[in-house]
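Given two chains presented individually in distinct reference frames, assemble the corresponding complex, making use of the accompanying hints.
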Amino acid sequence: MKPCNLPDKPLPVLAGHIHAGFPSPAADYLHETLSLTNLLVTHPSATFLAWAEGNSMELVGIFDGDLLVVDRSLTPVQNDIVIASVDNQKEFTCKVFDQKNRCLRAASNYEYPDIDCIEGVFIEGVVAHSVRMHRPASYVKS
Amino acid sequence: MYALVDCVSFYASCETVFRPDLRDSPILVMSNNDGCCVTLNEKAKALGFQKFKPFYQLKPLIDHHQAIVFSSNYELYGWLSNQVMETLATFASDHEVYSIDESWLDFTGHSDLRATGHEMIATVQQYTGLATRVGFGSNKTLCKVASVVAKRVKAANGVCCIDDDGTQRRTILERFPVGQVWGVGPKTAVKLNALGIHSALELADYDKDSLRTQFGITVERTARELNGQKCFNFHEDVVEQQQIIVSRSYAKPIYYLKPLQSITIGYLEKAMAKLRANNQIVRHITFTASTSRFSGNYQSIQNVITLPAHTSDTLTAARFVSMGIEQCYRRHKFVRSMVCLTGLRGNEHYQADLLEPEQSNASRELMKVIDTINTGNQKNIFLARSPKQTEWDMKREFKSPEYTTSWGDLPRIKCS
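Keeping their order, the protein sequence lines are chains A and B. Following our numbering, the numbering of the first sequence begins with 1 at its first residue and continues without gaps. Following our numbering, the numbering of the second sequence begins with 1001 at its first residue and continues without gaps.
Warning: the hint list may mix true and false statements.
[What the hints assert, rightly or not] List of simulated lysine to aspartate or glutamate pairs, EDC-like, C-alpha gap at most 20 Å:
{"no.": "1", "chain 1": "B", "residue 1": "K1414", "chain 2": "A", "residue 2": "D64"}
{"no.": "2", "chain 1": "B", "residue 1": "K1414", "chain 2": "A", "residue 2": "E124"}
{"no.": "3", "chain 1": "B", "residue 1": "K1399", "chain 2": "A", "residue 2": "E91"}
{"no.": "4", "chain 1": "A", "residue 1": "K90", "chain 2": "B", "residue 2": "D1207"}
{"no.": "5", "chain 1": "B", "residue 1": "K1230", "chain 2": "A", "residue 2": "D98"}
{"no.": "6", "chain 1": "B", "residue 1": "K1208", "chain 2": "A", "residue 2": "E53"}
{"no.": "7", "chain 1": "A", "residue 1": "K90", "chain 2": "B", "residue 2": "D1021"}
{"no.": "8", "chain 1": "B", "residue 1": "K1151", "chain 2": "B", "residue 2": "E1075"}
{"no.": "9", "chain 1": "B", "residue 1": "K1230", "chain 2": "B", "residue 2": "D1207"}
{"no.": "10", "chain 1": "B", "residue 1": "K1414", "chain 2": "A", "residue 2": "E58"}
{"no.": "11", "chain 1": "B", "residue 1": "K1414", "chain 2": "A", "residue 2": "E53"}
[To be verified] So the derived list for chain A, only partly shown, Cβ under 10 Å to chain B, looks like this:
{"no.": "12", "residue": "A46"}
{"no.": "13", "residue": "T47"}
{"no.": "14", "residue": "L49"}
{"no.": "15", "residue": "W51"}
{"no.": "16", "residue": "F63"}
{"no.": "17", "residue": "D66"}
{"no.": "18", "residue": "R72"}
{"no.": "19", "residue": "S73"}
{"no.": "20", "residue": "F92"}
{"no.": "21", "residue": "C94"}
{"no.": "22", "residue": "Y112"}
{"no.": "23", "residue": "D114"}
{"no.": "24", "residue": "I118"}
{"no.": "25", "residue": "F122"}
{"no.": "26", "residue": "G125"}
{"no.": "27", "residue": "A128"}
Hints are computed from structural coordinates only; laboratory data are not their basis. By construction, the Cβ of each residue, glycine as well, lies at the ideal position given by its N, Cα and C atoms.
In isolation and in its complexed conformation, chain B is listed as follows (with noise of 0.2 Å):
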């Protein structure tokens, strides 16, 4: 059996662990840039709060019901998360974080699992000050289901496990939508419901074969999945990294070039001492930059940029992106940008083309040491056309402080 453990509100109660005194107030964190609404608490769902919406259009309730309001505070969720990870990870044989508030746990050949899961709850209170929720099955996609489960369910306590026999399952599955079933987008939801499946034991119940030529062979394993099979593995999507993604919105709107070049070269900073962690070198670059969808008038401009040759350069990445936003430039309200490594290999792999120049030895020693002097996330030193703290820097006006990743912010202890 597995097990899917996953934080509730991580976001928010990560907000309250080092705050007791907002532990029974409506929390609500905000997006980069404090643009919406992106985690609620309790608290805030019951008084009418929903996710996902502009500050603005909060902001009445917010004030009217004085609502708390976090910017995300990344490293403290970070923090919180890997300790959550690793206080669950001794429970059992195998883990798999899946997301930075969801772990998959291997219970193989593990008994007496409901006691398990609520020991395993108790102890992350502990541990972590944070609540979460345990969902069992014999595959993923019925850990999912379990989960939610656990979520919907009060008298469970926080755990659900769904028996290998089969009338739970069944009872369980009966009354599942099939749209909230792990792995099943709206889209093939809406497909779905017009062959007359509704519930997620319809889906577990219908003939695969045509499911797999109508729907591809991911929804038939989740079908198959349904039914009590193994069909999606553990580590199964753990793979070298594809594309290395920078992408924000700017606390204020850029029109002009040279403000815009200069914030994307600060993400292209970012993005390469990514790549050089991974031991990674690139090729191509996408540059993205748009207005805002909430303006009605929606424009972006993009450039994709390849390099003379695979690199793991700033300086030459920076020069070939500069050029590359240059070229598409047209004047727009911008609001954010993006930067996308990709077309990565790995470097010890890599065989040099006979035409294309190769890194030289120079540049690569350069680089370690400007990521030598930029550990941890620090920016010491960079380019001088990149932005130092600028206006146009992330606005996260209500964030907390970084409890757990600064000596400056840990808590006060009151000894009076």
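With the rest of the complex left out, here is chain A (with noise of 0.2 Å):
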């Protein structure tokens, strides 16, 4: 038999623990937690992870193994950098994007090629933000 008293709604609990000393100065405060997925995806029904991949990049920032948050909702202004896919080859390619002079740049110490934006030429977005994995990021290889 139950005590007929109680309510069938479950009673409301304090969140939280009740501590019989001074409260919290900070509990007004109490804000989110910061996300790094807030900070570097902004479109996220448009943003995609990669990993770069080779030097040809390191001008702008960008090293082997860096991850790529490429946003394919932006459109790309004069040197941003874009992921672009080329003559129909199996991986994307990382470019600076030279509006004005309508082609692709490395930004390498090293010589690579400028590609001209024409036909068999797709930018298929824009690399908002890079991450540095100054350890091994740990991930299972599959």
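This is the structure in structure tokens:
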């Protein structure tokens, strides 16, 4: 038998512990935890992640093994770093967008040819941010 | 006005998003276990490939045209689907995801819909790399018709709008076969044809009362919708899930009881995890195992297992399902099995039966721990008799990388 005076609904429970001491002066200033995703991904429904491979973008600060945050919703402007598909190659290429000269440039001390923005060259997205792994990133390679 | 947006050859198109080299190639996507072809792109259709044909029948044509074959990569399709749906949602006042590649949008009060349609197509293409089609209409049935027209008529450029004014609607419906109307199944279509109803227009003009008495309320409502009335509402069929099914074919046939129990327990673990994610509990579990439908001598075994009480406990369920399989087991060359949970109830509203042993708190806590350890579809902790990664696991030989859901599989961008 149940005690008859208990309400059916669960009783409201105060969130957090109740301490007898002085209340935390920081309690009124609590905010959400900072999220790297919120900082780096401005348009979630148009963003994908990718790994950089190679040294052709070192002068703009993208190194082999960096994580690229690619935003497909942005329209590239002069000197944006972009991802492009070139002549039906299997992999995307990362270049600096040179709107004035209608071409894609590398950014490296080594020699890489420019790619003219002509037929067969499609800009797939803008590298809005990149992340450097100063220690190896921990993920399972499949 | 409403819209139905659907993706063009969705699975096949997903495979080209991160593979620019394949964008002009014929592509076929195979079902679970690589059994038969489920999606073709336009190129493959043009070369004479057909959907739902088993792989071995398509093989000569695949070799001849060097067509590209993929196993289903649901991790990729699910992620891209989500991107498409989120992009579409920003255009309308309400939206309802209808399937992995279709979404209803509510455009009540909007004007210049054709322009909006083209803008949606361009935006989804840019954001996700996927092509879509848009059908506008004053209700769901007309949206479906419009979406088919958008697909068939090249000049529509992917957008068709069935206006409220009658003449354009009637012209479209006149040429639209009744069997292709949303909600009219093949059997109903045959019966309708026998009554002299061949086009969607003839269904729309038919006497509604006699439709209801002969075919039931759904066909009557469909006919009314073809006339521009609104009968099927948004979010109408969103009900609490009534059953949970996990069904797979094996990579190779199973003959004996032990491996059959083992693989089925693996499916049961998946089903029970889904159950707990829905915050539900289960009373009845149906187990089915069957032989190949192509083999000629189709055989199946089935057992409905009733648990002593509603539960969300995988261990209890596994014990009873194992016994249930043993009871009905006969030796056949099994190629697939299914676990179906029914008699579901919400965990909260549940009043325990006096005579029913209630699921203990310890069991609930244990399940919570298991689900936490297995977060994100991973199989980190499981029953000892459940297979880890066995030779019977789904065969996905031609699966593309998980470009968006696995760190190791993210696209590699050439900086060289």
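Now the hints, each set against the structure:
For the given pair, B:K1414 sits about 9 Å from A:D64 by alpha-carbon distance, which is consistent with the 20 Å threshold. Taking the CA atoms of B:K1414 and A:E124, the gap is near 13 Å; set against the 20 Å cutoff, the hint holds. Our distance criterion of 20 Å between C-alpha atoms is met by B:K1399 and A:E91, whose separation comes to about 17 Å. Of the supplied pair hints, the one linking A:K90 and B:D1207 is violated, its CA atoms being roughly 58 Å apart against a limit of 20 Å.
Taking the CA atoms of B:K1230 and A:D98, the gap is near 53 Å; set against the 20 Å cutoff, the hint is violated. For the hint linking B:K1208 to A:E53, the alpha-carbon distance of about 65 Å lies beyond 20 Å, and the restraint is violated. Among the hinted pairs, A:K90 with B:D1021 is consistent with the structure: their alpha-carbon atoms are about 5 Å apart, no more than 20 Å. Simply put, B:K1151 and B:E1075 have alpha-carbon atoms about 27 Å apart, too far for the 20 Å limit, and the pair is violated.
For the given pair, B:K1230 sits about 17 Å from B:D1207 by alpha-carbon distance, which is consistent with the 20 Å threshold. For the suggested pair B:K1414 and A:E58, the alpha carbons sit about 13 Å apart, so the restraint of at most 20 Å is met. A distance of roughly 5 Å separates the Cα atoms of B:K1414 and A:E53; the hinted pair therefore holds under the 20 Å criterion. Given hint, A:A46 at the interface with chain B, holds; its Cβ is 4 Å from that chain's nearest Cβ, closer than 10 Å.
At its closest, the beta carbon of A:T47 sits 9 Å from a beta carbon of chain B; the interface hint therefore holds under the 10 Å criterion. A hinted interface residue such as A:L49 counts as satisfied when its beta carbon comes closer than 10 Å to some beta carbon of chain B; here the least separation is about 5 Å, so the hint holds. A distance limit of 10 Å between C-beta atoms decides the matter here; for A:W51 the minimum to chain B is near 5 Å, and the interface restraint holds. Proximity of A:F63 to chain B holds as hinted, the smallest CB-CB distance being about 8 Å (cut-off 10 Å).
Satisfaction of the interface hint for A:D66 is found here, the shortest Cβ-Cβ separation to chain B being roughly 9 Å, below the 10 Å cut-off. The beta carbon of A:R72 is positioned within 10 Å of a beta carbon in chain B (closest approach about 5 Å), and the interface hint is therefore held. Restraint check, A:S73 versus chain B: the minimum CB separation of about 6 Å is within 10 Å; hint holds. About 5 Å separates the beta-carbon of A:F92 from the nearest beta-carbon of chain B, less than 10 Å, and the hint is met.
For A:C94, the suggested interface contact is upheld, since its CB lies about 5 Å from the closest CB of chain B, less than 10 Å. Satisfaction of the interface hint for A:Y112 is found here, the shortest Cβ-Cβ separation to chain B being roughly 8 Å, below the 10 Å cut-off. A least Cβ separation of about 14 Å between A:D114 and chain B goes past the 10 Å threshold, and the interface hint is therefore violated. Hint on A:I118 is violated. Least Cβ distance to chain B is approximately 16 Å, over the 10 Å limit.
A distance limit of 10 Å between C-beta atoms decides the matter here; for A:F122 the minimum to chain B is near 7 Å, and the interface restraint holds. Because the closest C-beta pair between A:G125 and chain B is about 9 Å apart, less than 10 Å, the hint holds. Hint status for A:A128: violated, given a least beta-carbon distance of 14 Å to chain B, over 10 Å.
In summary, the structure is inconsistent with hints 4, 5, 6, 8, 23, 24, 27 from the numbered list given earlier, while agreeing with the others.
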